[in-house]
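Enquirer: Its first residue numbered 1, the sequence shown is counted upward by one per residue in full-length UniProt numbering.
One thing to keep in mind: the hints can contain errors.
As the list claims (entries may be wrong) - Dumping the calculated DSSO-like pairs for lysine-lysine here, alpha-carbon to alpha-carbon at most 30 Å:
no.: 1; residue 1: K83; residue 2: K124
no.: 2; residue 1: K108; residue 2: K157
no.: 3; residue 1: K108; residue 2: K183
no.: 4; residue 1: K65; residue 2: K83
no.: 5; residue 1: K197; residue 2: K183
no.: 6; residue 1: K108; residue 2: K65
no.: 7; residue 1: K91; residue 2: K65
no.: 8; residue 1: K108; residue 2: K91
no.: 9; residue 1: K157; residue 2: K183
no.: 10; residue 1: K90; residue 2: K183
no.: 11; residue 1: K90; residue 2: K65
Derived from the structure by calculation, the hints contain no laboratory data.
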Amino acid sequence: TTRPPTAAAARPAAPARPAARGAETTVRVDTARLDEIMNMVGELVLVRNRLVRLGLNSGDEAMAKAVANLDVVTGDLQMSVMKTRMQPIKKVFGRFPRLVRDLARNMKKEINLELVGEETDLDKNLVEALADPLVHLVRNAVDHGIESPEEREAAGKPRVGQVVLSAEQEGDHILLMITDDGKGMDAEVLRNKAVEKGLLERDAADRLTDLECYNLIFAPGFSTKTEISDVSGRGVGTVSYTHL
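Construct the complete structure from the given sequences, taking the supplied hints into account.
Expert: Shown next as structure tokens:
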């Protein structure tokens with residue numbers, strides 16, 4: 001006699017459970033590992049370039065097609081690896097609304113900050129390198145640029161000053177801009193400050209054009225502040241972020 005199938009044997013296998021909705025779809029990768037992969041891709045690109053030259057000179061049609069395919073795949077691989085290192089610049093921009101709000105309150109100013117292009121992607125290392133210089137520039141805009149509400153009203157401006165921090169792609173480059181509707185720079189004040197600090201003789205300063213006066217702010221040790229504070233440059237000037 002044969003035994004009836006057990007319940008376990010008779011029961012059909014349960015269908016595989018679908019992946020939980022909203023499950024994690026990302027993997028953390030050390031940037032050092034990405035650098036290694038990028039270096040290997042760079043070596044691959046060099047080999048590809050050599051093969052492309054050999055394929056062009058071989059006169060073999062099949063060889064030329066294979067090399068052309070390798071050229072496309074290698075280019076796609078290089079671009080994909082580069083994209084894995086990219087991060088939106090909003091990781092840096094995100095700190096500025098509170099920074100500007102706190103500075104404005106401490107300095108008794110009224111300021112509106114506008115952020116443009118937060119989704120613009122940059123290499124992770126560049127995003128990190130830009131953080132401190134951008135903080136310095138935004139502090140300068142708040143401290144040196146935007147006037148007090150009373151000064152703005154006296155000049156026929158709205159009480160609330162505007163600071164715009166923007167990022168946009170321009171071909172292979174990223175353009176970062178910080179603009180404000182404050183009082184701007186006074187060439188004569190800059191000229192006199194350069195003489196006062198001993199950076200220029202009076203006759204040399206008098207020969208400067210307005211544009212040359214504006215560029216004085218990038219000179220080592222140049223600052224228009226009469227009192228050192230921790231708001232903008234601590235008396236150091238903008239030379240601290242002219243080179244990254």
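Enquirer: A separate judgement is required for each hint: does it hold in the structure or not?
Expert: Here is how each hint holds up against the structure:
With a C-alpha separation of about 10 Å, the suggested pair K83 and K124 falls inside the 30 Å cut-off, and the hint holds. With a C-alpha separation of about 17 Å, the suggested pairing of K108 with K157 holds against the 30 Å cut-off. Between K108 and K183 the alpha-carbon distance is near 17 Å, which keeps this suggested pair within the 30 Å criterion. Distance hint between K65 and K83 is fulfilled; the C-alpha atoms sit about 27 Å from each other, no more than 30 Å.
The hinted pair formed by K197 and K183 meets the criterion: a straight-line CA distance of about 23 Å does not exceed 30 Å. The suggested pairing of K108 with K65 is violated, with an alpha-carbon distance near 69 Å, which exceeds 30 Å. A C-alpha spacing of about 43 Å is found between K91 and K65, which places the hinted pair above 30 Å, so the restraint is violated. Taking the CA atoms of K108 and K91, the gap is near 28 Å; set against the 30 Å cutoff, the hint holds.
Taking the CA atoms of K157 and K183, the gap is about 10 Å. The hint holds against a cut of 30 Å. Under the criterion of a C-alpha separation no larger than 30 Å, the hint pairing K90 with K183 is consistent with the structure, at around 28 Å. Note on K90 and K65: the hinted pairing is violated, with a Cα-Cα distance of about 43 Å set against a maximum of 30 Å.
In terms of the numbered hints stated before, the structure departs from hints 6, 7 and 11, listed from lowest to highest.
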